[in-house]
Amino acid sequence: MKNVTPDHIVWLVGDGLPPARPMPPYSDVVCRFLGELSRDLLQNRANREFPDVAAFAFFCRRGNTEKLKEGFRDGRRRLGRGLAFHITPSNIPINFAFSLVFGLLAGNSNVVRVPTKDWPQVGIVCRAVRELLTKPEYGELAPLISMVRYERSDEITAYFSGRCDARVIWGGDEAVSSVRKIPIPPRAVELTFADRYSCCAISADAVLRAGEDELRRLADAFYNDTFLVDQNACSSPSLIVWLGAQAQEARGRFWPAVERSASRYRLEPAHATEKYTLLCDCLASGEDIRRVTMSGNLIYRAELSGVGGVEAYRGRLGVFFEYDAASIDELAGCVTNKWQTLSYYGLDAEELAAFVTGGRLSGIDRIVPVGAALDIGVIWDGYDIVSVLSRIVSF
Amino acid sequence: MFDFDEIASLKPFALDREAKESLFLRALGDLTAFHRQRCGDYRRIVDGLGFDASRVRDVLDFPFIPAGLFKMRDLSSVDRSLVIKTVTSSGTTGQAASRIFLDRNTAASQTKALVRIVSDFIGNKRLPMLIVDSRDVLKNRASFSARGAGILGFSMLGRDVTYILDERMDLDFNATESFLERHAGEDILLFGFTFMIWEYLYKALRRAGKWLPIERGVMIHGGGWKKLQSEAVSPDAFKDALRDVCGLRRVYNYYGTAEQTGSIFMECCEGRLHCSVFSDIAIRDHRDFSPCQVGTSGLIEMISLLPRSYPGHVILTEDLGRLTGIDDCPCGRLGKTFSVEGRIPRAETRGCSDTYEKRHA
Chain H
-13 MKNVTPDHIV WLVGDGLPPA RPMPPYSDVV CRFLGELSRD LLQNRANREF
37 PDVAAFAFFC RRGNTEKLKE GFRDGRRRLG RGLAFHITPS NIPINFAFSL
87 VFGLLAGNSN VVRVPTKDWP QVGIVCRAVR ELLTKPEYGE LAPLISMVRY
137 ERSDEITAYF SGRCDARVIW GGDEAVSSVR KIPIPPRAVE LTFADRYSCC
187 AISADAVLRA GEDELRRLAD AFYNDTFLVD QNACSSPSLI VWLGAQAQEA
237 RGRFWPAVER SASRYRLEPA HATEKYTLLC DCLASGEDIR RVTMSGNLIY
287 RAELSGVGGV EAYRGRLGVF FEYDAASIDE LAGCVTNKWQ TLSYYGLDAE
337 ELAAFVTGGR LSGIDRIVPV GAALDIGVIW DGYDIVSVLS RIVSF
Chain V
455 MFDFDEIASL KPFALDREAK ESLFLRALGD LTAFHRQRCG DYRRIVDGLG
505 FDASRVRDVL DFPFIPAGLF KMRDLSSVDR SLVIKTVTSS GTTGQAASRI
555 FLDRNTAASQ TKALVRIVSD FIGNKRLPML IVDSRDVLKN RASFSARGAG
605 ILGFSMLGRD VTYILDERMD LDFNATESFL ERHAGEDILL FGFTFMIWEY
655 LYKALRRAGK WLPIERGVMI HGGGWKKLQS EAVSPDAFKD ALRDVCGLRR
705 VYNYYGTAEQ TGSIFMECCE GRLHCSVFSD IAIRDHRDFS PCQVGTSGLI
755 EMISLLPRSY PGHVILTEDL GRLTGIDDCP CGRLGKTFSV EGRIPRAETR
805 GCSDTYEKRH A
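The listed protein sequences correspond, in order, to chains H and V. Going by our numbering, the residue at position 184 of the first sequence is 170; the numbering climbs one at a time, nothing skipped. Going by our numbering, the residue at position 52 of the second sequence is 506; the numbering climbs one at a time, nothing skipped.
Don't read these hints as lab results, they were simulated from the structure. Idealized CB from N, CA, C, for every residue including glycine. Where hints are given, some of them may not hold.
[To be verified] Here's a subset of chain H near chain V, in silico, CB distances under 7 Å, partners left out:
id	residue
1	N77
2	N218
3	A256
4	T263
5	G282
[Unchecked claim] Quick list of in silico lysine to aspartate or glutamate cross-link-like pairs, DMTMM-like style, CA-CA up to 20 Å:
id	chain 1	residue 1	chain 2	residue 2
6	V	K525	H	D267
7	V	K664	V	D698
8	H	K103	V	E802
9	H	K55	H	D370
10	V	K693	V	E724
11	H	K324	H	E176
Build out the structure end to end from the sequences listed, making use of the hints.
Below, the structure written as structure tokens:
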């Protein structure tokens, strides 16, 4: 195991295994570093075509980390766990950067495996981090950050896993299961982000009340939650629940607006056949799809007569399953621990939270307005990531 | 239900647009109703898509099943006990295989259609036949690869059927040469998959520096150009190469898939692929599946009157192609003609569940 040669690993930032030298969460040096990283990323004009880089930079700004720090304060004394090893998804270009930041905010040294796919975003962030780390004021931080790229290799994964104090695995069930076969030290903790299912609840009345501008804003927000990532992120909704008596009329306003927002979406021929196959597979598998509405191949909608087996209906590339409910409580029976995000429009977040906690549901970790489904943060999948990646020094 | 034998008795390329449209409207209506009654998955799909038989005005109004669905589900319209053969095709390397269930009736129709179509190109006489493959492909008689099914189907067209590759895919010179001596002066039929012919017949002859006297041969090959394209071998280069190593002049390509074995599309001397009385084609725009005009590239929809044991009479393929004409091929055969541009390019899907990607062989 010792003879992992650098040939197999491309070191994008750093050049070796960082030492474990824990810092307190939200340390000044980390927050200063992130603030400067944010500025560098936003100042570079070339980055403007990458909204995800901009969103990441926005997250890193000093004002935000200060606010998070404030929210994190609980009177306890903490330190990072040591070395955090992050395995990040190939298909969401910016996720690796957030994972690094969570590791840093918690006070850890980090090895981040970046996507094997050559996303420009990876180069942009790694370059900015590398350059910033050469500044003398970040001399103490420089040895604590390594970013690596390697083709799937259990050997290399085992090398980092065997030396980490915390392992963070992003990705689906299969990815989590296969990495989990590779041991970590007995004391190490592990954070896993598995496959999730998400839904969106919309008040029909609110949609009918909305003016044209508001409707356009809503449709754009919905587009960002779904089409922007091929509706394939864990927090992209598959199920759309319509609440209120005038669901049919509300749909008649909502979907044409979404169609207009989604006119910029590029559906490749391979996506068209994949999407149609997905629809046919769903139709074949059960009796509870009442009817299908297709606006070209952009939006497929399947109206459900019940939500019993709804989890099997996972949309992708713009396939939505719709259900009309008199009350959100109708969902209580079918929510499992696979459910992650409940995005909403025209509803009261407080009431939705009460539906989850009062109903003692096994799932639904996030309740966010439509448009914020993909906004990742230090609280994710029901974890307080900074808390899990740090330890409490009690006295 | 329409009478298949009646259709099989027609000349395979003699129906003009109008005659074909009326025949297919009726036959596809019958088949759609038939499968709807017998295959639950199919019924749920066509009902879910809102198909209404009373509103059909055009052959293109019938619902199409995506080829990929045969990889995900076992779609069958007969009782399992009546299935005599299961044909599998992997499509693209590393992907799940599609599974096509054949009963006696459908398998017989496939053979009949194939013979009728090919005879129009090579004549009715059974010719001595060479198969550019190994007999090993046929080892398991109940479960066939698409390659095996193709070989078995085509072998019905010949006599003294001789396989010229051994189990290691080496060219068996002795068997080939003694076959050619036996049939000196006769017309000969050759069949094989495009890639196999190139790799194991052409290259083997090249390497050995041998020349085979097959000037009176007719070759039929299919299975796609994908593997040859990576070696930059064009259809013309393929033909020239075969002429060089064995004097072959009559070489016909065909387009067909495991999902619709039998009702293949033969390429004529004008380089156009032809629909027969058993089949039809449509090209659809991937953005909304609307039909494309002649000359416009789109997804290929294949229609066949053969499938009874599985609901595969109207299939949306993952291939791109374009119509080249209707009833106007200079070769004189009527019906739609088209060309195939190959498989749709793979597309990246964003998403978050693939961190530790599976390795493909």
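Hint check results:
{"no.": "1", "hint": "N77", "in the structure": "5 Å, holds"}
{"no.": "2", "hint": "N218", "in the structure": "3 Å, holds"}
{"no.": "3", "hint": "A256", "in the structure": "4 Å, holds"}
{"no.": "4", "hint": "T263", "in the structure": "4 Å, holds"}
{"no.": "5", "hint": "G282", "in the structure": "4 Å, holds"}
{"no.": "6", "hint": "V:K525 with H:D267", "in the structure": "11 Å, holds"}
{"no.": "7", "hint": "V:K664 with V:D698", "in the structure": "10 Å, holds"}
{"no.": "8", "hint": "H:K103 with V:E802", "in the structure": "11 Å, holds"}
{"no.": "9", "hint": "H:K55 with H:D370", "in the structure": "13 Å, holds"}
{"no.": "10", "hint": "V:K693 with V:E724", "in the structure": "14 Å, holds"}
{"no.": "11", "hint": "H:K324 with H:E176", "in the structure": "18 Å, holds"}
Of the numbered hints given earlier, the model fails none.
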